[in-house]
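Q: Next come the chains, spelled out residue by residue.
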Amino acid sequence: MISVSIIEEIIKVVGEKWCLTDPADMATYAFDGFFKDYTPDAVVLPKKTAEVSDVLQIANREKINIVPRGAGTNLSGTSVARRGGMIMPLTRMDRIIEIDSVNRCAIVQPGVVNAELQKAVEPFDLMYGPDPSSWYVSTVGGNISLNAGGPRALKYGSARDHLIGLEVVRANGEIVKIGSKTSKNAAGLDLPHLFCGAEGTLGIITEATVRLIPLPEAKHTLQAVFGNLDDACEAVSEIVSSGIIPSAMDLLDQILINLIQGYGGVQFPDGASALLLIEIDGHPQAIEQESEKIKQICHNNHAIDIVLARTPEENEVVWRARRSIGGTFSKVCKTLINEDATVPVSSLPDIMKKVLALREKYKLNIGIMAHAGDGNLHPSIMTDAQNQDEMKRVDQFAEELYREALSLGGSLSGEHGIGLAKKSFMSMQFEETALKMMREIKRLLDPNNILNPGSYLDEER
Amino acid sequence: MANIDKKIFQEYDQCNKCGLCQSVCPVYKVTKLESYSPRGKVRLTKQICLDELSISKRVKSIFETCLLCGACYNICPANVHGNHLFSGMRWEISKIYGVDWRKKLLYLVLNKPWRLKGSAKMGRWAQKVFDPILPSLQLGNIPANRMPEFNRKQFNEQVDEIIPAVGDIKGRVLYFHGCATNYLFEKTGLAVVDVLTQMGFEVHVPAGQGCCGLPIFLSGARDMSLQCIKSAVEKFGRDGFDAIIVDCATCGSTFKNEYPRVLKEMMESSNDISEDLLVTARKMAENTFDILQFVAKYENLFPEMNNSEKIVKLTYHDPCHLSKGQLVKEEPRRLLKRIPGIEFVEATGADECCGGGGSFQVDYPAISKKIITQKMTNIKKTKAHIVATGCPSCLLTIGAAFKPEDNIELVHPITLIQAAIAKKPNLKV
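Line order of the protein sequences matches chains A and B.
Note that our numbering numbers the first sequence so that position 182 is 182, with each residue one more than the last.
Just so we're on the same page, our numbering is the position in the second sequence counted from 1, plus 1000.
Just so you know, the hints here were simulated from the structure itself, not pulled from any lab data.
Take the hints with a grain of salt, since some may be wrong.
[Said to hold, decoys possible] Subject to a maximum C-alpha distance of 30 Å in a straight line, what follows is the list of computed DSSO-like cross-link-like pairs (lysine-lysine):
(1) Lys361(A) / Lys423(A)
(2) Lys1046(B) / Lys423(A)
(3) Lys1029(B) / Lys47(A)
(4) Lys48(A) / Lys1369(B)
(5) Lys119(A) / Lys1313(B)
(6) Lys17(A) / Lys1369(B)
(7) Lys392(A) / Lys331(A)
(8) Lys1329(B) / Lys119(A)
(9) Lys1329(B) / Lys1187(B)
[As the list claims (entries may be wrong)] Computed footprint of chain A on chain B; a stretch qualifies when at least three of its residues, placed anywhere within it, have a C-beta under 8 Å from a C-beta of chain A:
(10) 1017–1023
(11) 1045–1058
(12) 1304–1313
(13) 1403–1414
For every residue, glycine included, the Cβ atom is placed at its ideal position computed from N, Cα and C.
Make the full structure from the sequences, and use the hints.
A: Next up, the structure:
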């Protein structure tokens, strides 16, 4: 609980309209894209950096927890008030401050929606690299805080690869500017990247300078259907080692193929057990040659059907069904848990085999989607959070999956973050010395542990 | 919420919280508040149904802060029907808090055609009497002097009940003109009749038509709306017609989507509704066409169009109840592009709500204003002089937002088609 006098003090900073405490409002901020709910005590929506700073000073003095939040679409339970306190959505700070087309960068407030930024820079023939599936909704601040990526991270990288400067407000309210507009910068500690993937635990991002990249001239998508998953995995390895870098390469297993069969008129042939969507972009002539080469590789690996989409419209048809997956789950299950295990791409066939074996072992309904080109695996567990027995098996599945991924030299998360979902696995990936270093940095920047407490940086055992 | 029929609201369970609805919700876009986002409202619906949250004044105001434009259910990958859930919640809320007396009064008027008639006359009289002070009066965001004039004579008194086809008869249609055409936009009604008869259709305009009932039941006052629904089903559920034609996007969407559902839901708690009524309403739903949808279907029956030397720029605004409610998007554009003398310019966000939303603009003028301002900016960018849209509420809202010096006219597309096939070249709007 936050006392009335403190609420009044916060209202003086942001105005009555933007400091909410009604149970109805709290209910709508009790969740994000993950499946666990925590009701906050207050929701405070600042409009400018100075307000963020003032609120943080109050919170730090009173030791009130603050959870910064973008659009609340993350899949790891990062933007809920795990230890109570207030949620601070940055959604009202949604201005694009500058688009510098010559220096190919943009300065934005954290609440700018990813797709809005893409739209704004497109007339300059530029784009912002990260393309999470949530990009119509999720914010640049949120993308950075979770180091989000998407299908095209294969060629263009994740949020970290496009971050060059930040303005952050520290737990004590101090406003700090770090990084610069330049593409080269060898001065000082690389602080901006410290905040990337920190999940709002080290400070609150109030402004970001991000790198922009030229829009590719043309795009092709190959939709290759395979009779078995192994063949598809082999094709992936061969494409990756052929020297071509596709802009995206998504792999879907039979369960997911059946789920999207027919969506928007898309039909897959009988016996379709694996689907590869390979997008290549660049100079029109270059990608003609490249798509021919990829087609050949798919053929050699026994693809049973290959469709090549050349025009934007054809590309759209091919990708639409793929993008519909997220939404279709709720028709077949009550709770969807999306895992995010990542392995070096050469180990993709191994981790695939393991997932299939574990799916069998724990008798779970799991569809497998992978950003195959970068070894980022999303087993989608279709379950019911109310079913305790099944949830136990879900936990066991996850633990074994991550253990295997790590033993192959992988990571707990490719793009969804740790949040609540994988906090307990952190010691599997990191040695105690590494975790200690992370905690010491946290303690230095936020000695009262008010910023998103309950995170993977907590001291508790 | 112990006595509520929870089955109606079960859809909340399908929401997978992806938040995609935020990207299209006009209210979320200008408030940036989760409480007002469809995802937030679905969550509230769930918690109320599970007795985890009680209906409060704040809950009431949150559910009122929705244009029921349908953008959220159109984009929802899980098919959660926001409009149905939220208007259902308004119904539940109205059982506790009642309906605002001003709205109740309005609904009483809408409920009975003769009351409507009287009040329209009164409106006309008031317009005259208050003329000198009109510029200072505001109805929400709509300055009173930007309200269109009431028809001198109501539309259904200007036409016969049966208007014969011109030339060979190709079919017979029923025409539901709704309140707006009857009292405010006679031009639309006359154009509908003219175009249809010229295409060879015999047009039947049943006497004594009233309100479709939607403004009443969307606000929660479902019991009050039953009279409207029964009367419409009785007059338009008849056999022997090729189509029921509606010129108002909202009324059309009501016939097509709302009657069967609302009647079905009310049937569970009322003895007043017979199975027959529901069956007829379903049949009616299938036979209902928006005027533009119908005309586009029989485009081949058009008489030759007049040439025009003058070229005028035009843009089109998708009424929510047409584009999202009836999935009619392509037909109006196709028809408008065919008209000689028209240069069609697509506006950014043409399918985004104008912010009118029934009484929304009166209840929440600040939010509504932000939405309409964005719409105006997008329209101005096209440099169009004509904005065509087939919804009286959009015509009113957008029309009132522009000032005379903007030199932008609002028209129903059917009036342009009428002008194009009129005997004399006449593209004046």
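Q: Hint by hint, note whether the structure agrees.
A: Here is how each hint holds up against the structure:
no.: 1; hint: Lys361(A) / Lys423(A); result: 24 Å, holds
no.: 2; hint: Lys1046(B) / Lys423(A); result: 29 Å, holds
no.: 3; hint: Lys1029(B) / Lys47(A); result: 15 Å, holds
no.: 4; hint: Lys48(A) / Lys1369(B); result: 23 Å, holds
no.: 5; hint: Lys119(A) / Lys1313(B); result: 26 Å, holds
no.: 6; hint: Lys17(A) / Lys1369(B); result: 18 Å, holds
no.: 7; hint: Lys392(A) / Lys331(A); result: 23 Å, holds
no.: 8; hint: Lys1329(B) / Lys119(A); result: 23 Å, holds
no.: 9; hint: Lys1329(B) / Lys1187(B); result: 23 Å, holds
no.: 10; hint: 1017–1023; result: holds (count 6)
no.: 11; hint: 1045–1058; result: holds (count 5)
no.: 12; hint: 1304–1313; result: violated (count 0)
no.: 13; hint: 1403–1414; result: violated (count 0)
The structure shown violates the earlier hints numbered 12, 13.
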